[in-house]
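J.: Turn these sequences into a full structure, and let the hints steer you where they fit.
Here the sequence shown is numbered in UniProt numbering, starting from 1 and rising by one per residue.
One or more hints might be untrue.
[Said to hold, decoys possible] Pairwise CB distance ranges (calculated):
| id | residue 1 | residue 2 | range |
| --- | --- | --- | --- |
| 1 | E282 | R392 | 18 to 28 Å |
| 2 | K353 | E384 | 26 to 36 Å |
| 3 | S252 | L357 | 29 to 39 Å |
Hints listed in this document are in silico derivations from the structure and should not be mistaken for laboratory results.
Since the structure is predicted, the reported quantities are computational estimates derived from the model, not experimental observations.
Where a beta carbon is used, it is the ideal one built from N, C-alpha and C, also for glycine.
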Amino acid sequence: MLNSSLKELSALLAARKISSVELTRFFLERAQRLNGRLNAFITLDPERSLAQAREADARRERGDAGPLTGIPVAQKDIFCAKGWLTTCGSKILSNFVAPYDAHVVERMNAAGIVNLGKTNMDEFAMGSSNETSYYGPVRNPWDPERVPGGSSGGSACAVAARMAPAATGTDTGGSIRQPAALCGVSGIKPTYGVVSRYGMIAFASSLDQGGPMARSAEDLALLLNVMAGFDVRDSTSLERAPEDYTRDLERSLAGLRIGLAEEYFAAGVAPDVARAVQAAVEEFRRLGCETVEVKLPNTRLSIPVYYVLAPAEASSNLARYDGVRYGYRAPAYQDLLDMYMKTRAQGFGAEVKRRILIGTYVLSHGYYDAYYLQAQKLRRLIAEDFRRAFERCDLIVGPTSPTTAFPLGSRTADPVQMYLSDIFTIAVNLAGLPGMSIPAGFDAQGLPVGLQIIGNYFGEARMLNAAHQYQKVTDWHLRMPPGLDGE
Numbered sequence: 001m002l003n004s005s006l007k008e009l010s011a012l013l014a015a016r017k018i019s020s021v022e023l024t025r026f027f028l029e030r031a032q033r034l035n036g037r038l039n040a041f042i043t044l045d046p047e048r049s050l051a052q053a054r055e056a057d058a059r060r061e062r063g064d065a066g067p068l069t070g071i072p073v074a075q076k077d078i079f080c081a082k083g084w085l086t087t088c089g090s091k092i093l094s095n096f097v098a099p100y101d102a103h104v105v106e107r108m109n110a111a112g113i114v115n116l117g118k119t120n121m122d123e124f125a126m127g128s129s130n131e132t133s134y135y136g137p138v139r140n141p142w143d144p145e146r147v148p149g150g151s152s153g154g155s156a157c158a159v160a161a162r163m164a165p166a167a168t169g170t171d172t173g174g175s176i177r178q179p180a181a182l183c184g185v186s187g188i189k190p191t192y193g194v195v196s197r198y199g200m201i202a203f204a205s206s207l208d209q210g211g212p213m214a215r216s217a218e219d220l221a222l223l224l225n226v227m228a229g230f231d232v233r234d235s236t237s238l239e240r241a242p243e244d245y246t247r248d249l250e251r252s253l254a255g256l257r258i259g260l261a262e263e264y265f266a267a268g269v270a271p272d273v274a275r276a277v278q279a280a281v282e283e284f285r286r287l288g289c290e291t292v293e294v295k296l297p298n299t300r301l302s303i304p305v306y307y308v309l310a311p312a313e314a315s316s317n318l319a320r321y322d323g324v325r326y327g328y329r330a331p332a333y334q335d336l337l338d339m340y341m342k343t344r345a346q347g348f349g350a351e352v353k354r355r356i357l358i359g360t361y362v363l364s365h366g367y368y369d370a371y372y373l374q375a376q377k378l379r380r381l382i383a384e385d386f387r388r389a390f391e392r393c394d395l396i397v398g399p400t401s402p403t404t405a406f407p408l409g410s411r412t413a414d415p416v417q418m419y420l421s422d423i424f425t426i427a428v429n430l431a432g433l434p435g436m437s438i439p440a441g442f443d444a445q446g447l448p449v450g451l452q453i454i455g456n457y458f459g460e461a462r463m464l465n466a467a468h469q470y471q472k473v474t475d476w477h478l479r480m481p482p483g484l485d486g487e
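T.: Structural data, given as structure tokens:
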């Protein structure tokens, strides 16, 4: 069971060779055993999870099971789940029990998927290393002295360490793809609006997007079939006909045009990362793909644009955390204003405060035109770069992250250096495009390297097809962190 795919687990459940209760108990016990070492989960509730598993087994007995009924999936602690502690990795929500389910959780419940637990994350999804969580840093299972990437580091760690067969994540500037790369798993951020944001605690509303994390592209396709769908409660949710994201998995890659952007292979990419990505490109050529050169000249602007727009939206979204209606409240205060100030000062961590201050500044009178409006114009230029590139190619590939996992604490004192970790992922969010990361090798220290695949709008099935065909002829996604197979 430890190394079985979702498809294989589904077959075992359908053949009654294992029950959902047994499967859920297996992963719960493993998660409880390893969590003290890796800190991937904030909340485990075995009683609640096993109750869902018993219901899933009952559904199978009634003949009412879907492809993923009875399979346990970990939920990033940014998704509200009714009756579950939902903290978003922050002290200010450390006592918040969600009274309703996010749309993603609703759809998973309807499919019979078992909620295995809530995974650790950067506070309010703000971070690239999963070191800003109120609950402490997540540790990379390939080297516990290194970061797993963020903000969905708990989900990536849980999947890599086989504490869960799959997990959900969210991606605002690379927060699914970057931790997937650093932990050696697969993860996809769909086109903006394909997965509803209802019940997903907001960071930057025009950028946030939920998506699945798992071992393989095939697993991602099965999960995306459940997660994607229109939701009237989310004004940015796209009303489209349902898709089967598994439909093109076995399609030949002959004639597929892969774009190589020189901006993704410039200075700053670690040599081991560059070599692994080039080897992956050669593998795609052997599979029948054609490669073409494309240009994305405004990629270099994506980080400054992002760190104007995302904090601006965060400063607005996080204004609701004031200690009045829910969440943490300062224990001592003089009056209402003092309560606001002390609650927010005590409840938010340093990175969240930094981004709120930046966002408030760029939206303030006299600076809105100079910063926020200019950033929105540049965002359009970045999207136009991709539009022109996709006139010449079907997919774009390159490194997900310029380096492999870096040591814990090595970049916390230098926010700009930390922000540069997302140089290759942020532009995809700014343009609203789908992007994914799959394992593509290891560096000299045995740390995973991620390959990023970017598609045109609603090109998820084609991306998953390319990733699946690549994974059929490579085994990077099957590798497991050393020392954990016997745990």
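J.: Honestly, which of those hints from before does the structure not fit?
T.: 3
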